[in-house]
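Trainee: The lines below spell out each chain.
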Amino acid sequence: MELGYLAAGLGAGIVSLGAGLGIGMIGKAAMEGTARQPEAANDIRTSMLISAAFIEGVALFGQVICIVLALA
Amino acid sequence: MRFVFAQSLLDVDFGLFFWVLITFILFLIILGKFAWKPILSALSEREKNIKESLEAAEKAMEEARKVSAENEAALKEAEITAQKIRKEALEDAEKIRADRMQKADKDANERLEQALQQIEQEKKKALIELRTEVSDLAIKAVSQILDAEIDEKKNKQLVDNYIKDLSSN
Amino acid sequence: MINLFRTAFLVIIILLANCTVANAETDKSPEENRVDLIGKVLDKYYLDFAPLGKVELPRIIYDEEGLHFFRSTTHAINSQRGFTDAAFLDSGQIPTGHVKPVSYELARTNGTEIKMDLSITNHLFFFWLAAFVTMGIFIPLSGKYRQGIGRTSEPKGGFQNLFETFVIFIRDDIAKSNIGEKYEKFTPYLLTVFFFILFMNLFGLMPWGVSSTADITVTAVLALFTFFFTQAYASKDHWQHIFWFPGVPTPIKFILLPVELIGLFTKPFSLCIRLFANMASGKILIFALLGLIFIFDGLFGAVVAYGTSWLWIALTLFVYLIKAFIAFIQAYVFTILSALFIGMAVEEHHHEEHAH
Numbered sequence: 001m002e003l004g005y006l007a008a009g010l011g012a013g014i015v016s017l018g019a020g021l022g023i024g025m026i027g028k029a030a031m032e033g034t035a036r037q038p039e040a041a042n043d044i045r046t047s048m049l050i051s052a053a054f055i056e057g058v059a060l061f062g063q064v065i066c067i068v069l070a071l072a
Numbered sequence: 001m002r003f004v005f006a007q008s009l010l011d012v013d014f015g016l017f018f019w020v021l022i023t024f025i026l027f028l029i030i031l032g033k034f035a036w037k038p039i040l041s042a043l044s045e046r047e048k049n050i051k052e053s054l055e056a057a058e059k060a061m062e063e064a065r066k067v068s069a070e071n072e073a074a075l076k077e078a079e080i081t082a083q084k085i086r087k088e089a090l091e092d093a094e095k096i097r098a099d100r101m102q103k104a105d106k107d108a109n110e111r112l113e114q115a116l117q118q119i120e121q122e123k124k125k126a127l128i129e130l131r132t133e134v135s136d137l138a139i140k141a142v143s144q145i146l147d148a149e150i151d152e153k154k155n156k157q158l159v160d161n162y163i164k165d166l167s168s169n
Numbered sequence: 001m002i003n004l005f006r007t008a009f010l011v012i013i014i015l016l017a018n019c020t021v022a023n024a025e026t027d028k029s030p031e032e033n034r035v036d037l038i039g040k041v042l043d044k045y046y047l048d049f050a051p052l053g054k055v056e057l058p059r060i061i062y063d064e065e066g067l068h069f070f071r072s073t074t075h076a077i078n079s080q081r082g083f084t085d086a087a088f089l090d091s092g093q094i095p096t097g098h099v100k101p102v103s104y105e106l107a108r109t110n111g112t113e114i115k116m117d118l119s120i121t122n123h124l125f126f127f128w129l130a131a132f133v134t135m136g137i138f139i140p141l142s143g144k145y146r147q148g149i150g151r152t153s154e155p156k157g158g159f160q161n162l163f164e165t166f167v168i169f170i171r172d173d174i175a176k177s178n179i180g181e182k183y184e185k186f187t188p189y190l191l192t193v194f195f196f197i198l199f200m201n202l203f204g205l206m207p208w209g210v211s212s213t214a215d216i217t218v219t220a221v222l223a224l225f226t227f228f229f230t231q232a233y234a235s236k237d238h239w240q241h242i243f244w245f246p247g248v249p250t251p252i253k254f255i256l257l258p259v260e261l262i263g264l265f266t267k268p269f270s271l272c273i274r275l276f277a278n279m280a281s282g283k284i285l286i287f288a289l290l291g292l293i294f295i296f297d298g299l300f301g302a303v304v305a306y307g308t309s310w311l312w313i314a315l316t317l318f319v320y321l322i323k324a325f326i327a328f329i330q331a332y333v334f335t336i337l338s339a340l341f342i343g344m345a346v347e348e349h350h351h352e353e354h355a356h
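Protein chains in written order, with the numbering used here: chain A, 1 to 72; chain B, 1 to 169; chain C, 1 to 356.
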């Protein structure tokens, strides 16, 4: 029971770390792309949001598993 | 103090599922039929209208451009024609003038010549008259001087011959 | 955002270092200070107008005896029709006379099972409210279009202009650019989903309101619809790509088959979880931040709790603003991903591309 909470907390942290890194990289690439080609800003923003949403989806799976662990 | 993670956070509740499913289907149908259909059709119709009127305006513009080009061409042509006409008229006028001049010249010359001829004739006539007069006078004078013996006729001939000689010289 | 959290973290560390003296006061039992964080997010059988009170919602129970309708949970317990609160049944003694519900879970006194609980719940109430608001906005709006305002002339007034901008944005930037030429069939669904999710999310920001999208059941139904639309209108190529991927050697086809099959189901699953987790986590975060005041009260005493409360309230305000932003972003993301999945399934591939 106690270890489950520990695992849930650690897992949530690690998941956030990975998702943060991933979304950060997307943001960086999108910024660079927009700076290089400001006329494509709209397309870049859309694709950025979509890729961020995918990464976020993976992160949320992790978070859900953490919640399940905490519930167990 | 304790956080309580309730079990049912990730549970799918059947009752709620049932209601949500039914509501959402109804909701989709109602909204699709009464809201989105008129709105979307109105929007696309408006866009079509705008597009069409834009196209029509474009077409009208093109037409206007064409008409104006045509007008311009016609104007140019008219100008050219007018110029040609003017030129022709000028030429004609010149020709007429030249003709008139020529004719006038000719007339004048003719008249001059006629006058000269007349003068010549008059002169000749006057000369002949003068001659006869002179001969008459001479004969009269001579006859008067010589007074008679000599045939008048023979004398006249003599004088005539003399005058002939005179005039031929 | 990171800066703020860093500052908050530092403040917590400093407070923890300095205020250990106050610890002696806290001799309250854990049960008394209990903070039911997740319980705040869960579905309930009443509308919570704390501190004014609760409005209980009707209960519809289906069991072996058929359907039972009750005006409220209190009514159900006191109706003498064999229903009681599950908490009473667990504790072993069923109180007599007029009682108030405790857990709001109904149970049969004779021990038979309740087959289906079709009760109206908190989330369902706000789900319906969002549905009515959406209909209340767009059906009169469509009447305007029917009359010709917006059809032949330009839209009139801020209201029509505002929603028309949204509608055109979804039609052009979400449906048309992600689905392609077949977008017209799916635009109504995408519009419905966008506005519906948006209003449900926004209800969570209102006082006493809850966002129904913070319930996995609701998001599961929405994702199910996207899944349904994706599969129902899928092209032949879509199925071919799942079961017999073209343009790769035969052994790889067998490897790709399970991958593609799993991918088929993870897409709606991620849609469902994403929306649910975003909305629920925003809610939990707000409660957790406000709960810090009470945690500090328990740890260091009332003075520290009052002293630091402005910080937690400022942070809550910040999270609240983020939540307002997230309400729009998640509605947009759900819609655009739905459009993307539908577009991927509907698309007709050109096989020359894959023959490499």
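A portion of the hints provided could be inaccurate.
[What the hints assert, rightly or not] Partial pick of chain C residues on the chain B-facing surface, computed with a CB cut under 7 Å:
| no. | residue |
| --- | --- |
| 1 | T121 |
| 2 | Y145 |
| 3 | K182 |
| 4 | T192 |
| 5 | V218 |
| 6 | L321 |
Since the hints were derived computationally from the structure, they do not count as laboratory data.
Keep in mind the model is a prediction, meaning the values are calculated, not measured.
Glycine residues also receive a C-beta, built at the ideal position from the N, C-alpha and C atoms.
Trainee: Would you pick out the hints that fail for this structure and give their numbers low to high?
Mentor: 3 and 6
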